[in-house]
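Please arrange chain B on chain A, whose structure you already have, making use of the hints.
There are 2 protein chains.
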Amino acid sequence: MSEVKSKAEKARAAATALNRMTTEQKNEALQLMADHLRKHQADLIAANQEDLERGKAQGISPSLLDRLALNPQRIESIAEGLEQIISLPDPIGDVLDDFERPNGLKISKIRVPLGVIGIVYEARPNVTVDAAGLCLKAGNTVVLRGGSSALSSNRKIVEVLHEALEASSLPADAIQLIESADRSSVDEMLKLNGLLDVIIPRGGQALIRNVVENATVPVIETGAGICHTYIDETADGAMAEAIAVNAKVQRPSVCNSMETLLVDSRFAAGHLGSLADRLRQEKVEIRGCERTRELVPWAVPVTEQDYATEYNDYILNVKIVDTLDEALDHISRYGTKHSECIVTENAGHAKRFLQEVDAAAVYHNASTRFTDGFEFGFGAEIGISTQKLHARGPMGLPALTSTKYVIHGSGQIRG
Amino acid sequence: MSEVKSKAEKARAAATALNRMTTEQKNEALQLMADHLRKHQADLIAANQEDLERGKAQGISPSLLDRLALNPQRIESIAEGLEQIISLPDPIGDVLDDFERPNGLKISKIRVPLGVIGIVYEARPNVTVDAAGLCLKAGNTVVLRGGSSALSSNRKIVEVLHEALEASSLPADAIQLIESADRSSVDEMLKLNGLLDVIIPRGGQALIRNVVENATVPVIETGAGICHTYIDETADGAMAEAIAVNAKVQRPSVCNSMETLLVDSRFAAGHLGSLADRLRQEKVEIRGCERTRELVPWAVPVTEQDYATEYNDYILNVKIVDTLDEALDHISRYGTKHSECIVTENAGHAKRFLQEVDAAAVYHNASTRFTDGFEFGFGAEIGISTQKLHARGPMGLPALTSTKYVIHGSGQIRG
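In order, the protein sequence lines correspond to chains A and B.
Residue 342 in full-length UniProt numbering sits at position 342 of the first sequence, with consecutive numbering throughout.
Residue 47 in full-length UniProt numbering sits at position 47 of the second sequence, with consecutive numbering throughout.
Hints may be right or wrong, so weigh each one.
Each pair may be met inside one copy or between any two copies, as identical chains are not told apart.
As a list, the in silico DSSO-like pairs of lysine-lysine whose alpha-carbon atoms are at most 30 Å apart [as the list claims (entries may be wrong)]:
1) K283 / K10
2) K351 / K106
3) K10 / K351
4) K5 / K56
5) K109 / K351
6) K191 / K39
7) K191 / K5
8) K191 / K351
9) K109 / K10
10) K109 / K56
11) K106 / K56
12) K109 / K39
13) K283 / K191
14) K283 / K56
15) K5 / K283
Derived from the structure by calculation, the hints contain no laboratory data.
Just chain A, with the same shape it has in the complex:
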């Protein structure tokens, strides 16, 4: 039997036992996981060093090396992340609905674990711990398939987590790591209907595309964000500038940062020059439509392809529009249904924008950078869903659960 199948079967078998665990038992295991990670700090850093050296030898980029690196501070923050999960309410067993039928049947809709969750992700080793912790707290076992560049780190992390689970009431098999670096191990996971209940991809566009296009197991799509900010005619100038700059430069590498700024032509006439100067100070390259380039001569010409690109970088498309409808059409055409913002003092325009834009999160007068489980107060986040089924937007613990109807009768039969 392949590594993938045999580990998925172990996770499946452990799911029933995990489902029987109390909140206290799960929290105790999470605390042991945090404690053991702290205790093995030196081992983790040594294993991580192997990944970093291999990465350097293979010439991977400094920014990827940075994401891959573990140090005492990062290990502490990973352990604190587990402690934060302990503090979250356990969603399992929540009664979501409860009613009695005229025939006396008592029907309850109860939150239950999804079962076995597959996570396919890239370089950052902290995802290994975060994802395992969140899945366990929601009563799920997990099959992790991280990037090959972090394999030594992930192997050591999971070894430590297994040691913690052995000391707990939870089945150690609840966390499985696929070690095969071969791409075929991902392909195999995607088809494990019956063993995996859902797959969540976390990473770049190519990784997510591969999962969405090839999985027969249900998928929660996460990630891609071509987010827009539309500055309406009546926007407050200072507010619009602050929101646009924040949405672009506060952290350009993430999915909720802005890629295209749409500006009403009347607002642009008075304010675009100074806003562009401010962005230039922040080292942002502007790619502008023709009308933008009349007001911002140093902007380079924008292309259709640019409008459809998630830069995750210090690059911004700027387009001048004459109406709200033009802005809505542009967003409908190029947006990825992630996060979209209107800056306006016109309540009617705000209302139309919030209703008509089809996205996980729509903002009036606030930066798109807030689309995040922590910023929303969920206390944790397994990712940001950009699909419409099951969960949409930042996903906290309830997104890792399903439901079950429990029916109590006294001999009812159907007539």
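Quick look at chain B alone, frame taken from chain A:
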């Protein structure tokens, strides 16, 4: 452009306009649809006659011909179904959550339509109207792909529905029927990411398998039901007999009927003979394990394959078990996570069964035949989900919706 793509694009374009419609406008359209179906009763029956004649010529089975047939009574009941949908509360716009963050951001989670729903189904023409009505009420446009055996009926039905929509405020393009009988039209629908938001298959196992295995668009899996009834040692004899007989024979052709009866050996010793006689009177063929055949000599031997078969017919597997765990193991191995029942007076056994069995609906002392949107009081049903994402069990209108976070700020930026 292909028929499938061009119709999906029309449905996509109509989705925005539909999203703006009020509950009153949607209900008015549903009433017009019901009225027009009644008015065109003779045309509908004439079109259906073509399907029936072609079906007879092709030698399709009498039971399929029966499911395909329209008559005045069935058309009236289809129209009444639309009127029932009018009476259901409109889920769109419901505020599911509403909170303010310390930074002053006001976040609401609002119910919104999914957008464009694809339905792939088989012979029964009433599904064309039911599905269109439910999708529209939940603010979705719909792309219908019915079986080729009902094509004349479906074409006429959709012509009548379009006439009704023309007289309403809703966009007529909200309902699209794929007329191509070619299997490739289904395959094309399954890959229309960006145009279709979800696909719901309704029909037999082969149809559902094809959709689940080949779709890149998110799918809500419905249908297959290998349902078990477990009669525990302490079951009330008369209640157990009534529930078992009802679960098997009240309507064997549907997914929530029982395929395998598991009987505790001590209960079997006292009651299985008479229960089997009762089933024989109802023309049920029993396929039994060896111990069953000692008590029921006329039972034929059951095979592994039988345990894994959804008969949808007057055939029942019977297996004697010695413990609750043995019953749980059997269900975990052969069940399809649809509906499972325990008949017992032992509260501890009931509790374990209800918690440990992983299924959409778990019953204590009631027939599995109740897993149904109408029986649950949802007033309608688009199908029964057997997957764990998004919706599980009978799906009413809320299963046809998504959510959106709407965020009101006053210039907040992320620090």
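Each hint, compared with the structure:
no.: 1; hint: K283 / K10; verdict: neither (51 Å within a copy, 43 Å between copies)
no.: 2; hint: K351 / K106; verdict: between (42 Å within a copy, 14 Å between copies)
no.: 3; hint: K10 / K351; verdict: between (51 Å within a copy, 26 Å between copies)
no.: 4; hint: K5 / K56; verdict: neither (32 Å within a copy, 47 Å between copies)
no.: 5; hint: K109 / K351; verdict: between (34 Å within a copy, 15 Å between copies)
no.: 6; hint: K191 / K39; verdict: neither (38 Å within a copy, 49 Å between copies)
no.: 7; hint: K191 / K5; verdict: both (10 Å within a copy, 27 Å between copies)
no.: 8; hint: K191 / K351; verdict: neither (43 Å within a copy, 33 Å between copies)
no.: 9; hint: K109 / K10; verdict: within (28 Å within a copy, 37 Å between copies)
no.: 10; hint: K109 / K56; verdict: neither (52 Å within a copy, 45 Å between copies)
no.: 11; hint: K106 / K56; verdict: neither (62 Å within a copy, 45 Å between copies)
no.: 12; hint: K109 / K39; verdict: neither (42 Å within a copy, 41 Å between copies)
no.: 13; hint: K283 / K191; verdict: neither (45 Å within a copy, 40 Å between copies)
no.: 14; hint: K283 / K56; verdict: within (28 Å within a copy, 74 Å between copies)
no.: 15; hint: K5 / K283; verdict: neither (49 Å within a copy, 43 Å between copies)
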